[in-house]
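Asks: Using the sequences and the hints given, assemble the complete structure.
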Amino acid sequence: MTAETLSAPPSTPARRPLFRRRSAIPGFGVTLGVTLTILSLIVLIPLAAVAIKAATLSPSQFVAAAFSERAWAAYRLTFGAAFVAAVINGLFGVLTTWALVRYEFPGKTVINALVDLPFALPTAVAGIALATLYAPNGWIGQFLTPLGIKAAYNPIGVTIALIFIGLPFVVRTIEPVMRDLSADVEEAAASLGAGRLATIWRIILPALGPAWLTGFALAFARGVGEYGSVIFIAGNMPYKSEIAPLLIIIQLEQFEYANAAAIAVVMLGVSFLMLLLINAIQAWSRRFV
Amino acid sequence: MTISIRSVEKKFGRYPALNHVDLEIADGELVALLGPSGSGKTTLLRTIAGLEFPDAGQVLFGAEDVTFASAAARRVGFVFQQYALFKHMTVAKNIAFGLDVRKGAEKPSKAEIAKRVDDLLKLVELDGLGSRYPSQLSGGQRQRVALSRALAVQPSVLLLDEPFGALDATVRRSLRKELRRVHDATGVTTIFVTHDQEEALELADRVAILNAGRIEQIGTPHEVHDNPVSPFVCGFVGEANRFEGTVSGGRFTSGAVSFGANGVRDGAAVGFVRPHDLVLDDGGLEVRVDRVHVQGALASVSARAADGHHIEITTSRADAPRFSGAIKVAPRMSHVYPA
Amino acid sequence: MAAQPARARHPTEDPAWVKVLVIGLVALFLGLVLILPLAAVFAEALRKGVDVALAAITTSDALAAIKLTLITAAIAVPFNAAFGLCAAWAIAKHDFPGKALLITLIDLPFSVSPVVAGLIYVLVFGLQGWFGESLIDHDIKIIFAVPGIVLATIFVTFPFIARELIPLMQEQGVSEEEAAVSMGASGLYTFWRVTAPNVRWGLLYGVLLCNARAMGEFGAVSVVSGHIRGLTNTMPLHVEILYNEYDFVAAFSVAALLCLLAVVTLVLKSVLEIVQPDVKRGGGH
Numbered sequence: 000m001t002a003e004t005l006s007a008p009p010s011t012p013a014r015r016p017l018f019r020r021r022s023a024i025p026g027f028g029v030t031l032g033v034t035l036t037i038l039s040l041i042v043l044i045p046l047a048a049v050a051i052k053a054a055t056l057s058p059s060q061f062v063a064a065a066f067s068e069r070a071w072a073a074y075r076l077t078f079g080a081a082f083v084a085a086v087i088n089g090l091f092g093v094l095t096t097w098a099l100v101r102y103e104f105p106g107k108t109v110i111n112a113l114v115d116l117p118f119a120l121p122t123a124v125a126g127i128a129l130a131t132l133y134a135p136n137g138w139i140g141q142f143l144t145p146l147g148i149k150a151a152y153n154p155i156g157v158t159i160a161l162i163f164i165g166l167p168f169v170v171r172t173i174e175p176v177m178r179d180l181s182a183d184v185e186e187a188a189a190s191l192g193a194g195r196l197a198t199i200w201r202i203i204l205p206a207l208g209p210a211w212l213t214g215f216a217l218a219f220a221r222g223v224g225e226y227g228s229v230i231f232i233a234g235n236m237p238y239k240s241e242i243a244p245l246l247i248i249i250q251l252e253q254f255e256y257a258n259a260a261a262i263a264v265v266m267l268g269v270s271f272l273m274l275l276l277i278n279a280i281q282a283w284s285r286r287f288v
Numbered sequence: 000m001t002i003s004i005r006s007v008e009k010k011f012g013r014y015p016a017l018n019h020v021d022l023e024i025a026d027g028e029l030v031a032l033l034g035p036s037g038s039g040k041t042t043l044l045r046t047i048a049g050l051e052f053p054d055a056g057q058v059l060f061g062a063e064d065v066t067f068a069s070a071a072a073r074r075v076g077f078v079f080q081q082y083a084l085f086k087h088m089t090v091a092k093n094i095a096f097g098l099d100v101r102k103g104a105e106k107p108s109k110a111e112i113a114k115r116v117d118d119l120l121k122l123v124e125l126d127g128l129g130s131r132y133p134s135q136l137s138g139g140q141r142q143r144v145a146l147s148r149a150l151a152v153q154p155s156v157l158l159l160d161e162p163f164g165a166l167d168a169t170v171r172r173s174l175r176k177e178l179r180r181v182h183d184a185t186g187v188t189t190i191f192v193t194h195d196q197e198e199a200l201e202l203a204d205r206v207a208i209l210n211a212g213r214i215e216q217i218g219t220p221h222e223v224h225d226n227p228v229s230p231f232v233c234g235f236v237g238e239a240n241r242f243e244g245t246v247s248g249g250r251f252t253s254g255a256v257s258f259g260a261n262g263v264r265d266g267a268a269v270g271f272v273r274p275h276d277l278v279l280d281d282g283g284l285e286v287r288v289d290r291v292h293v294q295g296a297l298a299s300v301s302a303r304a305a306d307g308h309h310i311e312i313t314t315s316r317a318d319a320p321r322f323s324g325a326i327k328v329a330p331r332m333s334h335v336y337p338a
Numbered sequence: 000m001a002a003q004p005a006r007a008r009h010p011t012e013d014p015a016w017v018k019v020l021v022i023g024l025v026a027l028f029l030g031l032v033l034i035l036p037l038a039a040v041f042a043e044a045l046r047k048g049v050d051v052a053l054a055a056i057t058t059s060d061a062l063a064a065i066k067l068t069l070i071t072a073a074i075a076v077p078f079n080a081a082f083g084l085c086a087a088w089a090i091a092k093h094d095f096p097g098k099a100l101l102i103t104l105i106d107l108p109f110s111v112s113p114v115v116a117g118l119i120y121v122l123v124f125g126l127q128g129w130f131g132e133s134l135i136d137h138d139i140k141i142i143f144a145v146p147g148i149v150l151a152t153i154f155v156t157f158p159f160i161a162r163e164l165i166p167l168m169q170e171q172g173v174s175e176e177e178a179a180v181s182m183g184a185s186g187l188y189t190f191w192r193v194t195a196p197n198v199r200w201g202l203l204y205g206v207l208l209c210n211a212r213a214m215g216e217f218g219a220v221s222v223v224s225g226h227i228r229g230l231t232n233t234m235p236l237h238v239e240i241l242y243n244e245y246d247f248v249a250a251f252s253v254a255a256l257l258c259l260l261a262v263v264t265l266v267l268k269s270v271l272e273i274v275q276p277d278v279k280r281g282g283g284h
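Protein chains in written order, with numbering that gives the first Met the number 0: chain A, 0 to 288; chain B, 0 to 338; chain C, 0 to 284.
Everything labelled a hint here was simulated from the structure, so no lab data went into it.
Quantities reported herein were computed from a predicted structural model and do not represent experimental measurements.
Among the hints, erroneous ones may be present.
[Unchecked claim] Pairwise CB distance ranges, derived in the manner of DEER restraints:
(1) B:G164 - A:T36: 39 to 45 angstroms
(2) A:N278 - B:T219: 30 to 36 angstroms
(3) B:S134 - C:I34: 17 to 23 angstroms
(4) C:T58 - B:Q81: 57 to 63 angstroms
(5) B:A110 - C:A99: 49 to 55 angstroms
(6) A:S284 - C:I34: 28 to 34 angstroms
[Unchecked claim] Below, simulated BS3-like cross-link-like pairs (lysine-lysine); rule was C-alpha separation at most 27 angstroms, straight line:
(7) B:K102 - B:K86
(8) B:K86 - B:K114
(9) A:K107 - C:K98
(10) A:K149 - A:K239
(11) B:K10 - C:K98
(12) B:K109 - B:K86
Yeah, the Cβ is synthetic: ideal placement off N, Cα and C, and Gly gets one too.
Replies: Quick look at the structure:
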């Protein structure tokens, strides 16, 4: 026996440590303490500052700042464009994932890596590139102008930027689920007489449902908050192509901090709702497992 | 090192994993903790190791109370179920780990460590494999590395959690003999957890049978097999035909089946008869033989009583031809417990 | 369904025309959304030749922006790596109530708009903020200065490494650590000798994604930076200024440099995924 062990007589139990040992692995108290401290200092307390600042406004001032007509227009654009972009990503995201998981084709490795480009490319770079492409004389814009479509400096442009930003969220959320869909379930469906379409419609798509919804929600949430890729292509015209995050910046530039905080509170509220929704979808999908 | 477990209790949330467990283990003993999954056997082993800490009760190593001492301070050797070998270290580095971590005067010299690793590799018959990585070994070899790593620190107690669980049947049997040999060679007090009764009965000096966080019985393999103290032990250790019936005037009756039950109070009861305790007897119970299955020197007979109750009989291969059609059998020995 | 092809087809395999159609659609979509913008950056940057592009990224302002971006990443990434390791050790190797809530809170910065991320630090450290006056008294500048840029970058990249490490370390379980501890290893020794080698690839993966975002962050940094040329401009902010001044070639030249960073990140990430398939879990953000 080493000297470290307690040598109390057997009849009297060893003194209980002040804090009951929970685990044989050391470092719990220190690491949890550091984690909570940093989390509070970097994330939680600064976030609380928004609510506290917004609370300095009277209710009517708050409504005037957060729900002015201009703000409503910005919310409509922000949420509307994020929704449309998420729908389009939902469709093409499933197709892309299907091709990446199920098919073999030349250049697949490159395509697979490229899907993550929006994660790796600085948003400002994406913003100026898209603005240049869709400008009336740009590579793509020149074909749209004769058709009477004005993509850049328009809500369409905002949507295009959000499609770029949101795509990997959908693909990377569905991908593991699609990969895990075992071939034998499909073979079983086929052996029971289901046609290919019926198998896709009744077996594959329902199994992808929760992951698809999660990916959709993640893409939507990211789109709502997005700033860098949007402002260059949006044109930023009040009531028309001005997004909500830009409103915060405008308020800040006028030193109206409380008004900026009021708009931020609305956006944070939507973020938290999305977070709750995503957690709920994931909890719901776990019943299959 | 003697080990005493005194009224140890441990709850996970509201689920009681150990419920007033008492256990005394003598120096140099090889003890098996046997039970179904969820019976608390692994929790008990981890409590002895210092990987879990009890809510109440005491753990003594010799005369010392180690209830809240760390695993390292207890100097236990622990063999994990999946071995927990360090994947990025060679076999030799794995075995030397417990010596390498020591500091100052306690740390052996490089040469001493190398010598100890060599000796241990020889002991478990892995000489020459010291420079391999765990991924380059078979399951049985990994298990032996885990065993020698645990022995390297010259532990006061060797603890093994389902040491053969992840191996296939042939390797398992040969490693069982190996563990017994290593135990006899080192003389270290050894406790291992298993859910395999054959393993426990073959290997251990004594077997502790756990059920729902309690020790139901502790004794030599012979004792727990021949004199089980509870229906759980009787059903869990060894094969048994189980009958539900009643006891009246020292006799157990279940449909057409009836045998003596001395000392059991009248009322509802369960009776057990081991397959090898059923012998041909003209005064016995009439059964029809469905199937005879020969296995080595023994034969298993599947039969059915008049009331449809299924009955298993084990006999010698030489006697097997006598078990056909309608036969009469009676128990040489039986166990009856009040229900 | 369309006519069956002559050759027998496995029931879970799609007909050739479906494959071609799907791959074609996907190629068209990805080409429009991903490849064209990337190509446009390089085309615009090289419009007036390589020399002009190179000159644009070696002006003193550009070099200052590159330096600030590197400094910011060099602080934010190790900080978040240390935090990630700390949080993962507490969460993955121990059991405690409230674990799920803690993971959600660590994830929180993912769902906060970068602009709001910048705003919160302005509210805390800005002139009108909680500590504004005492900061002025001590002549400490956080907002419109480098510390604010670093703080905002830490916030937006906060969950990256933790989110990579927590599931990885949960999956690896605790028995190797228990084995080490039971043989007398200290907590730190166990971490360096046993845990760290097991998570190094996952850590590298997280660092890669964290670094890409740290160097590329725009919205949050834009709010706290003040856009002082040569002093508080990071590369993405420098791109914005040049673009707004209609100096497109220069803007796209600096952007091309950032594109190269993204491409290198993607290549390294793909190589890691092929060599160490275990690293790919939680998914990047």
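Asks: Against this structure, judge whether each hint is valid.
Replies: Now for the hints, and whether the structure bears them out:
In this structure the supplied range 39 to 45 angstroms holds for G164 of chain B paired with T36 of chain A, their Cβ-Cβ distance being about 42 angstroms. A C-beta distance of roughly 55 angstroms is found between N278 of chain A and T219 of chain B, which places it outside the suggested range of 30 to 36 angstroms. Distance hint check for S134 of chain B and I34 of chain C: the Cβ-Cβ separation is about 40 angstroms, which falls outside the suggested range of 17 to 23 angstroms. Between T58 of chain C and Q81 of chain B the CB atoms are about 59 angstroms apart, so this pair conforms to the stated range of 57 to 63 angstroms.
At roughly 51 angstroms, the beta-carbon separation of A110 of chain B and A99 of chain C lies within the given 49 to 55 angstroms, and the hint holds. At about 33 angstroms, the CB distance of S284 of chain A to I34 of chain C agrees with the hint of 28 to 34 angstroms. Only pairs whose Cα atoms come within 27 angstroms are accepted, and K102 of chain B paired with K86 of chain B is accepted, the gap being roughly 24 angstroms. Restraint check for K86 of chain B and K114 of chain B: satisfied, since their Cα atoms lie roughly 22 angstroms apart, inside the 27 angstroms limit.
As the CA atoms of K107 of chain A and K98 of chain C are separated by approximately 39 angstroms, the hinted pair breaks the 27 angstroms bound. Taking the CA atoms of K149 of chain A and K239 of chain A, the gap is near 13 angstroms; set against the 27 angstroms cutoff, the hint holds. Of the pairs offered as hints, the one joining K10 of chain B and K98 of chain C holds, with about 20 angstroms between alpha carbons and a cut-off of 27 angstroms not exceeded. Our distance criterion of 27 angstroms between C-alpha atoms is met by K109 of chain B and K86 of chain B, whose separation comes to about 22 angstroms.
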